[in-house]
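Peer 1: Sequence:
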Amino acid sequence: MAERRQLKRERKRLKFGQNCAEFYPIFLTVLWIAGWFFNQELASLLGLLYMFARHKYFHGYTQTAAGRLSGFYLSLIVLVSLTIMGAAGIFNSLMNEYLDVNIGKRFHKLF
3 MAERRQLKRE RKRLKFGQNC AEFYPIFLTV LWIAGWFFNQ ELASLLGLLY MFARHKYFHG
63 YTQTAAGRLS GFYLSLIVLV SLTIMGAAGI FNSLMNEYLD VNIGKRFHKL F
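Residue numbers (my numbering): 3 to 113.
Because the hints were derived from the structure by calculation, they are not lab data. One should not assume that every hint holds.
[To be verified] Across the chosen pairs, the derived CB separations fall in these ranges:
no.	residue 1	residue 2	range
1	Ala23	Ser72	13 to 23 Å
2	Arg7	Asn98	13 to 23 Å
3	Gln65	Ala90	36 to 46 Å
4	Ser46	Cys22	16 to 26 Å
5	Ile79	Ala23	13 to 23 Å
6	Gln20	Ile92	56 to 66 Å
7	Gln65	Ile86	12 to 22 Å
Every residue gets a Cβ at the ideal spot worked out from N, C-alpha and C, and that includes glycine.
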């Protein structure tokens, strides 16, 4: 009986590792783009939050199926936020390069 539980936990760990391997290239890409084109400090903070979310996801995954959802949703929110930041930074860069309009400076003047 104990061996069966141990085998079940080991399968969950392997599934978690595969899931992390699938998300890792996406995370690195959007983290790099958001840091390069938008804001390095904010991107690094979101990167730390993503690592915390994956940690929470792992511990929830090894215990119960429902326990993993909060970490998974948090990691998805961070990935979407990084993607939006990267897209906004690329858009600002293109606007600055081709139309000589810097949205970041104009936005900064408002505040």
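Peer 1: Which numbered hints does this structure break?
Peer 2: 2, 6 and 7
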